[in-house]
Amino acid sequence: MNKVLIAEHLNKYFHEPVESQVLHDISLSLDRSQFVTVMGKSGSGKSSLMYVLATLDTDYDGNLFICGERMTGLTENQLAQFRNRHIGFIFQYHYLLPEFTALQNVMIPGLKLKHKSSAQVRDDAMALLEQMQMGKFAEYLSSKLSGGQQQRVAIARALINHPDIIMADEPTGNLDSANTAIIFDIFRKLADEGNTIIAITHDMDFVRKADAGFEIRDGSLSSYIEGAKK
Amino acid sequence: MSRSVNWGIAKIQMAARRKQAIVAILGVTFGVSMFITLMSFMKGVNHFLLDVISSATPDIVLYADQRKTVQFTVPAELNKDGREIIFFEHGRKPQSQGKRIRNARTLLSAIRRDPVVAAVSPVVTAQVFLRHGSSIANAQFLGVSIGDAEDVLKLSAKLTSGNIRNMEMSDNGIILGKGLADRLKIQIGDWVNVSTAQGVKDRLQVCSVICYGLGSIDNSRAFVHIRRMRQWMGKGNDFTTEFFISLRDPELSEFAAPTFAGRYGYRADTRAQSNSYYLTIIFVQNMMTYIVSLAILLVAGFGIYNIMNMIINGKLNDIAILKAEGFSGKDIRQIFLSQSVFVGIAGALLGVIFGTIFTFLISHIPIPKSDLTSIPYFPVRFDPMYCVWGFLFGVVCSFLAGLIPAFRAAKMDPLSILRR
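Residue numbers (my numbering), protein chains in the order written: chain Z, 1 to 230; chain P, 1 to 420.
So that you can see chain Z by itself, here it is in the shape it has in the complex:
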């Protein structure tokens, strides 16, 4: 079982304000340790695709398998448990809980999973923050950090449960070029360490860093770009 993610004939419709098809018969599969990007213009359906792949959106036709398990048709609670264990999320906005410290934010999904003692989760979280060069900000309230720092904490949070797949939705969309460069490097490093990553972006530089890239146009996966690195 080398395919981490298999999507078969995904179709998605929006019913509001008018009936329209967002995703047209999309099929794709992702190998373990592969770093792919999905490119597309605003409105092309790339975010919709991402939410379907992320199991956050269950209103679609077709089949979705992650780690060999069929996602389609699972209940919301089952999906939530699955995401907790297998998927790490990085969004355009950091979505850190503002009342919590950077360290606590990273720890929460780990505590939720309960595979480790809270002391172990704490050590793991600390190591991840160090890896993101955020170690000295661990005890800062997340709302007190800068945008680039917050995004790095969010990445650490996505990694805490050693997910099988990391999903990123425009992770650099809110950042300046300096911070963008840092985040790119982090992603590249994560990919080199063997993580499976799927990232939505409209940044060609980001696409070039990846192993492979899809382009989505008007809801169809229209082309496949071989990445620069492989």
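These aren't lab readings, by the way, just hints derived from the structure by calculation.
Cβ atoms here follow ideal geometry from the backbone N, Cα and C, with glycine treated the same way.
Hints are all accurate, no fakes.
Examples of chain Z residues toward chain P, derived with CB under 8 Å:
| no. | residue |
| --- | --- |
| 1 | Gln81 |
| 2 | Arg83 |
| 3 | Tyr95 |
| 4 | Leu97 |
| 5 | Pro109 |
| 6 | Leu111 |
Cross-link-like lysine to any residue pairs, in silico, SDA-like; alpha carbons within 20 Å at most:
| no. | chain 1 | residue 1 | chain 2 | residue 2 |
| --- | --- | --- | --- | --- |
| 7 | Z | Lys41 | Z | Glu215 |
| 8 | Z | Lys3 | Z | Ala212 |
| 9 | P | Lys19 | Z | Leu141 |
| 10 | P | Lys154 | P | Ser274 |
| 11 | P | Lys11 | Z | Leu141 |
| 12 | P | Lys235 | P | Gly199 |
| 13 | Z | Lys144 | P | Ile12 |
| 14 | Z | Lys116 | P | Ser4 |
| 15 | P | Lys11 | Z | Ser143 |
| 16 | P | Lys411 | Z | Asp57 |
| 17 | Z | Lys116 | P | Trp7 |
| 18 | Z | Lys114 | P | Gly8 |
| 19 | P | Lys43 | P | Ile365 |
| 20 | P | Lys369 | P | Val45 |
| 21 | P | Lys330 | Z | Leu79 |
| 22 | P | Lys330 | Z | Asp57 |
| 23 | P | Lys11 | Z | Glu99 |
| 24 | P | Lys330 | P | Trp7 |
| 25 | P | Lys11 | P | Phe407 |
| 26 | P | Lys330 | Z | Thr58 |
| 27 | Z | Lys144 | P | Ala16 |
| 28 | P | Lys330 | Z | Phe82 |
| 29 | P | Lys411 | Z | Asp59 |
| 30 | Z | Lys114 | P | Ala10 |
| 31 | P | Lys411 | Z | Gln78 |
| 32 | P | Lys11 | Z | Thr101 |
| 33 | P | Lys411 | Z | Leu79 |
| 34 | P | Lys19 | Z | Glu99 |
| 35 | Z | Lys144 | P | Arg18 |
| 36 | Z | Lys136 | Z | Glu99 |
If you want the ones that stay clear, here's a sample from chain Z, every Cβ over 12 Å from chain P, calculated:
| no. | residue |
| --- | --- |
| 37 | Tyr13 |
| 38 | Glu69 |
| 39 | Gln131 |
| 40 | Gly148 |
Dock chain P against the given chain Z, drawing on the hints supplied.
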């Protein structure tokens, strides 16, 4: 374990919104403390009134009913406009003066023999004018034989000065209600002039002063020897207007009264019937207290509902990411519901403490001296059960108020938030 993560999140969120949390907690505190205070106060007043009633009136009063209401009907065919007319004639003038009980002596011995009766006292009542110096007062005189009255009404327990023996010994003694004594500026041993409705004048010596604590009784009631009353009225020595009866088991009065009325052919009122005025007050007072307490708790509940809704509206992002990270709807519900329950428990605990303090304070507020009562402080009866109830009410109200917002948060679709 998952619960402890949820609780940890709830705790930190609460701590971050300390002001809102405190406002919500104080709302519950206010409701619960007011509930306890009002209940204690209400129970105090009720207990006081019931105590007065039960010491001032016997279990059953047997008397000749003077309130005759006669009803005439004019049939429709006798009327010009063809309608039936009904006349009521209230308070028909009695034919002979005095609403006496006939064959009182045989009745008395029959009642005495009744196994449910503990004691019975024949009574003659009349309105009598009292004069002491320049002070004049009108009083309801109860002519009793002191020994019997003591058995039925436990007079000695309510005497503030003098004792019952003085009265028994003295032939022309009188026991005055405290309000009457104050109004006449009279003291024990003083002589007071009386004049009856029949124009008989007499002089009596004050033997004792009796105080029930309720102005409407203390300002008008006086006890004298029944033989003296009979003399004034020119009646024989079995003249009786009422029998005061106390039962071995007062609970039975509801059943005993109709039995007596049927058996002896006179009207028999239970204590509840002769005091329907006070019982109505107590009833209305109870209702008011419950309504006010519940209203306060309801308002506190709305406060929690509002604050929880506000908190949740400010936490949409957090809910979205928690759900994306793997928290289920149940977890989210737990996070927010536990905040409401925390508010409820903290507020209710504080409420119990403050309620107890308020109750204690009220019981030490002196009542301004007036004709209405002669008790020194507001009557209060504190019962730990009120704390238990108040606490439960507070927690349940908070739980219910938090339920809707928590369910709303649990059902929230993370997509609709992430998409924005």
